[in-house]
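Colleague: Listed below, chain by chain, are the residues.
2 protein chains.
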Amino acid sequence: MASIDESKPEIGLLKVSSKSSPASVAGAIAGMVKDGVAVEIQSVGAGAVNQAIKAIAISRGFLSPVGIQIACVPSFADIVIDGEYRTAIRLKVEPHYTAGVPRLDILEG
Amino acid sequence: MASIDESKPEIGLLKVSSKSSPASVAGAIAGMVKDGVAVEIQSVGAGAVNQAIKAIAISRGFLSPVGIQIACVPSFADIVIDGEYRTAIRLKVEPHYTAGVPRLDILEG
Numbered sequence: 456m457a458s459i460d461e462s463k464p465e466i467g468l469l470k471v472s473s474k475s476s477p478a479s480v481a482g483a484i485a486g487m488v489k490d491g492v493a494v495e496i497q498s499v500g501a502g503a504v505n506q507a508i509k510a511i512a513i514s515r516g517f518l519s520p521v522g523i524q525i526a527c528v529p530s531f532a533d534i535v536i537d538g539e540y541r542t543a544i545r546l547k548v549e550p551h552y553t554a555g556v557p558r559l560d561i562l563e564g
Numbered sequence: 456m457a458s459i460d461e462s463k464p465e466i467g468l469l470k471v472s473s474k475s476s477p478a479s480v481a482g483a484i485a486g487m488v489k490d491g492v493a494v495e496i497q498s499v500g501a502g503a504v505n506q507a508i509k510a511i512a513i514s515r516g517f518l519s520p521v522g523i524q525i526a527c528v529p530s531f532a533d534i535v536i537d538g539e540y541r542t543a544i545r546l547k548v549e550p551h552y553t554a555g556v557p558r559l560d561i562l563e564g
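As given, the protein sequences belong to chains A and B, one line each in that order. Using the working numbering, the first residue of the first sequence is number 456, and each one after it goes up by one. Using the working numbering, the first residue of the second sequence is number 456, and each one after it goes up by one.
It should be emphasised that the hints constitute simulated quantities derived from the structure, not laboratory data. Check before you lean on any hint, since a few could be wrong.
[Claimed, not checked] DSS-like, lysine-lysine: derived pairs with alpha carbons at most 30 Å apart:
id	chain 1	residue 1	chain 2	residue 2
1	B	547	A	470
2	A	547	A	474
3	B	470	A	474
4	B	474	B	547
5	B	470	A	547
6	B	474	A	474
Start from the sequences, fold in the hints, and give me the full structure.
Modeller: Structure, rendered in structure tokens:
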């Protein structure tokens, strides 16, 4: 099993599978973003990546009414599952400033 | 200087399928972003969404050396394919202004 890095509690790593409920993951994302916790989602396989992206799309609907816009930054990560090397997709969820002007009031609130 | 007609900003819509080459799509994304063209990717189905996300991850490697950071904003879109309603995933690719500096200010202040 892959281990979770618990030394940095400010970063929430969500492992999303093809069987994860996008709505449930969306709730977790929204909660962590509201609490100012950095969120990273890890998915292995097309079905898992699809659920993760759907979760982010749903969480936008939870967060935009309170003035928080989010975006995701995808990257590859080499991980080991059951002794085998796999390539995971990491999706970093971040507050998104479309105007280029950081809204400090949101971060501070 | 000469003015550019910005009344209708260009939007490039890339339709990505499960058979699309992530590297090729990545090249298209990077080219359009460098040219200042707004990029939207449309995918239907888990395999297509997976290829699209991989393409965005790869294009980050093309763009970060020239100082451009990108992020994607996922949303749902109802589309019609062959007379049937389907739910597509739209991925808006946007320049990303990381919150690094303001965040550090808050953490340190």
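Colleague: Are the hints correct? Go through all of them and say.
Modeller: Hints and how they fare:
1. B/547 with A/470: Given pair residue 547 of chain B, residue 470 of chain A holds - Cα atoms ~23 Å apart, limit 30 Å.
2. A/547 with A/474: Holds: residue 547 of chain A and residue 474 of chain A sit about 20 Å apart, inside 30 Å.
3. B/470 with A/474: With Cα atoms ~26 Å apart, residue 470 of chain B and residue 474 of chain A stay inside 30 Å; holds.
4. B/474 with B/547: 20 Å, holds
5. B/470 with A/547: 23 Å, holds
6. B/474 with A/474: 23 Å, holds
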